[in-house]
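Below, each chain spelled out in residue letters.
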Amino acid sequence: MDFFNSHVLTLTTFLPLLTAVAIMFTPNLAISRWVAMGGSAVTFLFSLHVWYYFDAQTPGLQFVEEYSWIPSFGIKYIMGVDGLNLLLFILTTFLTPLILLSVWHIEGSKQKAFLSLFMFLECGMLGSLVAFDMVFFYIFWEAMLIPMYFMIGIWGGKNRIDATTKFIIYTVVGSLFMLAAAIVLYLLHYQKTGTYSTNILDLYTTAPLYETQLWLFGAFALAFAIKVPLFPFHTWLPDAHTEAPTAGSVILAGVLLKLGTYGLLRFAIPLFPEAVATYAPIIVSLGVIGIIYGALTAWMQKDAKKLVAYSSVSHLGFVVIGSFALVAGGNQISVEALTGAVYQMINHGISTGALFFLVGIIYERRHTRMLADFGGLAKVMPWFAFMLIIATLSSVGLPGTGGFVGEFLILLGTFQSSPIAGITASLGVLLGAVYMLHLCRKILFGPLDKKENQELQDLSPREFAYLTPLAILAVLMGIYPNLFLDKIRPSVEHLAQNYKQYRLVAAEQPAKDIENVASSEQSAESAGE
Amino acid sequence: MLLWLVILFPLLGAALNGLLLRKVSKTVSHIVGASALIASFACALTAYMQMMSAGGEGQVIFGFDWLEAGGFKAPFQFILDRLSGMMMLIITGIGSLIHIYAGGYMHEEKATWRFFSYLNLFVFMMLLLVLGDNLLIMFIGWEGVGLCSYLLIGYWYEDDANAAAGMKAFLVNRIGDIGFLIGVFLCFKFFGTVSFSELKDIIINGNALTGPQLEAVSWITLALFIGACGKSAQLPLYVWLPDAMAGPTPVSALIHAATMVTAGIYMMTRLNFLYFLAPDTQMIVASVGAATALFAATIAIVQNDIKKVLAYSTVSQLGYMVLACGVGAYAGGVFHLFTHACFKALLFLGAGSVIVAMHHKQDMQEMGGLRKYMPITHAVMLVGVLAIIGFPGLAGFFSKDEILWKAWIGGGPVIWGMGAMAAVCTAFYMTRLLMLTFYGPNRSDHHTREHLHETSAVMWAPLVVLAILSAVVGYLNVPHVIPGLPHLLFEHYLSPIIHVPAAAAEHWPHLTATYSHSLELGLMGISVLGMFLSAGFAIVLYKNGPSPTAIKLKKSFSGIHKVLTNKYYVDEFYFKYIVDPLKDMSLFLWKIVDTVIIDGIVNGIGQAFMLVAGLTSFRMSGSLHRHAMVVMLGIFCLLTILLF
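These protein sequence lines map, in sequence, to chains D and P.
Residues 796 to 1324 (our numbering) are what the first sequence spells out, left to right.
Residues 15 to 658 (our numbering) are what the second sequence spells out, left to right.
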């Protein structure tokens, strides 16, 4: 148990990699499916361990693992969780088995490779989330691109090559800027302290000169803004989504985009706080533009998947403005807005993930995603309609779903920071309903007049199995947000109130005295027996 | 505890019908749906009695911590007091009657689980709206009822027009909801709380408000009023309500007449202490209310669809209630809300019975003479019509005249004039509706006429209950000028809820002043006289179907008639000047900005790189290899430059 507790992050992160390798050696697809599912399920259970023993009282880093790797360059292997990455970490492990379930029926000689790549991708995502060493972060960050590149490039639609190339070029260009800036920061830190370190916790103390920060922040922010994507760096997203297979779209929208917003919170803001106040008006403006622009373009789409893709531009705009809602004369970030931003990342993963699943379901049945090819599906697919409406409601931020909690807190905080930005962004709440209800109306309602649609089968038990957890979470996150908010509160407040001098240390007592909890649990169990 | 049952029964009913009972017979759906409501009503009544016997003081019931971040706090918490208690009884009481009736109305439908599930869910949301102790819980209900309204308007979704109407309702309401949200943001910014009881404490018992706070109150109340305009169908956001009639008639009765649309009035009454502090906002509220009352009443005059007449009538009556709030007569507004809930639910359900008998035809030009075939429906509709036009002694007389009187003393002759004109129109179009439907010769085709019959007891029994209510509830608030009866019981009942802050008292002298009875009696006389003349005129014109005079009048005023039939072209205006330009702009953003400009720049940069790569003869076959190489090389170069 001790070993497990002190290495749980490493185990959780690399179990998918191990699974990916194991899949390559499986004799047939049937077995590889079970291997993948088993690996991802255990990964999810491991992450639940982290969730359960996570101490919600401290903003400090927990479950920290730290090993020296290349001492002369100060490169270490450091992992940890706090309130900023905990939920994303679990979202990733949670979505992966669901996605595997959604591709369970796909046959073909290449499918084994797909599963293997997917597990590889999970490792990359988990690693980038919990790595606290710049080098390791960068390796994980870039490693994610490889499986994504192939997933779109091999399993994508007919313009897959163009789309995946665009995706890679956009992302790599951003990453290179970030790499350059990271190296500069590394050297500056050396200049200042006389020791080399790639440890992010050390780098937080660097505090470069204001002019330098402007450049470095710009480079980091660009890398993350492309990933988010923030207007006007978003044009890779609709293409990538449209061409990617359903599984790729779900994980892209569910987790990969959030790494952009997470990166802003973990790196850009606390590393270069002096630049934040300078850039915030620009970034918030771009975010607000993205909200409106994404919504309006989504409304015009004729392809259901592209519509959902553009909706991500709009939704992620909310997360961005929530992260830069400065208050108290620019010395703090609005706690409400930042809480909302972190929450909205998760919520968007759930609702948009579900939407991509649902679009995938009708695409598989009809081999088209054009809205004009549907209509009246509520009649033949009532449970599909039910799920689509739940996902829609969460997406439009109806109170009682997670979407409301996130959007509301973001707008509330943004309004305190800048009423104009808050009010303009509020229009996104209306426009979100415009394009989503438009989608529902075109697919579900109206006459069931197309012959091909009249025989469509409603959800299969397998489809139910991967949609139901998302639907339940979408509602649970709206009805009882404290279940999640309580975990992130200390970290969010710590960043929001101290971003100008952000310091992060390992929590003194790692994870609420695991021994005690574990032993009391054991005794409870034995008492039960 | 009881209060939890009140809200949980409808939720349970919705879940049962919506998730588990999809395959059962429609009788089971009906029984589940209706008994959930009746159980809820029984609990509501008990909880209400307990509260009143304990002195009628408000009780706050804590549930759990719901939304907390930074300084913001919105617990899941209820308030049961005289106002919310009364609303709770209206919702579950009238809701029960309508649920019972709906079983008959939806009898020919194949599957009704969806209908009853939505209807139960609506009641749950509406109860959250009125019972919530802070603006956020209210907002859950506020948007939740909008959702149910959207789903129910589009209940027959196979007709695209219904789906469109549902969507329109949701979206127009969302415009209002943005106003509501901004009100919440401002409230938090300037008062640090969104709880009703805490706000009241700050305003009534706290220190004097600062200048910015006082200014903020004007904006808060105005922003929230935008929300009320959406939900309560006021100018300029009323356009969704007439279209909402696409839903089944019980829905129109429950949601679009008796309960949901009154949410705005409820909200303003709940926050009356804030609105009293903002006389500027109140002037706007009163004007919007009066204008809506008159505007919608004029449209109702020329409608031929029986439900459309009632829809515009509802908009108009909501205008009265808003007007009452605007002149500070909250008790009057809420009282009219109550009487209106009774007689408008009655009128809608009665119209529903007519529609069922007519095989779902709604055009009054094809009706006539139904009195003979449907005597009970006729009798109850007659009571409903008399109640709404303010026939002396019935509910509407007391509630409407109270509002008109307060409009005169609080808003002046112009506001009163608009209200009185609207009353005259109401008398005309409601009498016209009664005449065209129940009197004169029957104008339906042979087939329809053969099948005309009175509805079953499950449908007319609730109507009889509503008719009795419509006849008697007015006596709960008899004005001073009528001797021999207990006066203004309702106003006294509600007075613990109404607080004029000391700082605002100077703006509201008429609330405490005494006025001569002769003035009030005189105004009452004018409106009663106008009502009789107008109703008489309608009887003359329509007692035997549209008379030649009516047709001649229509011809000689064809211009006005055309404008009214087309509802002042408001929808057309919105589409031409708001929706269509927005669509054009969106298309431009997508086709030009996204595809040409942004992608063009990106591709240009990309091609520039390719060119460089080409010049250095760094070409490889597969694009994958090339990019991978470029990336690796780039990283290598950068590392080299930076590190050494």
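Just so you know, not all the hints are guaranteed correct.
DSBU-like mimics (lysine-lysine), calculated; alpha carbons at most 35 Å apart, straight line [unchecked claim]:
| id | chain 1 | residue 1 | chain 2 | residue 2 |
| --- | --- | --- | --- | --- |
| 1 | P | Lys597 | D | Lys1097 |
| 2 | P | Lys605 | D | Lys953 |
| 3 | D | Lys1295 | P | Lys203 |
| 4 | D | Lys1246 | D | Lys1174 |
| 5 | P | Lys597 | D | Lys1245 |
| 6 | P | Lys37 | D | Lys1246 |
| 7 | P | Lys214 | D | Lys1246 |
| 8 | D | Lys1282 | P | Lys214 |
| 9 | D | Lys1174 | P | Lys124 |
Please keep in mind that the hints were generated in silico from the structure rather than gathered at the bench.
Now the hints, each set against the structure:
1. P/Lys597 <-> D/Lys1097: 13 Å, holds
2. P/Lys605 <-> D/Lys953: 21 Å, holds
3. D/Lys1295 <-> P/Lys203: Given that 35 Å is the threshold and the Cα spacing comes to 23 Å, the pair holds.
4. D/Lys1246 <-> D/Lys1174: 13 Å, holds
5. P/Lys597 <-> D/Lys1245: It holds: about 27 Å lies between the C-alpha atoms, which stays within 35 Å.
6. P/Lys37 <-> D/Lys1246: Distance of about 25 Å is within 35 Å: holds.
7. P/Lys214 <-> D/Lys1246: Outside the cut-off at roughly 60 Å; violated.
8. D/Lys1282 <-> P/Lys214: 33 Å, holds
9. D/Lys1174 <-> P/Lys124: 12 Å, holds
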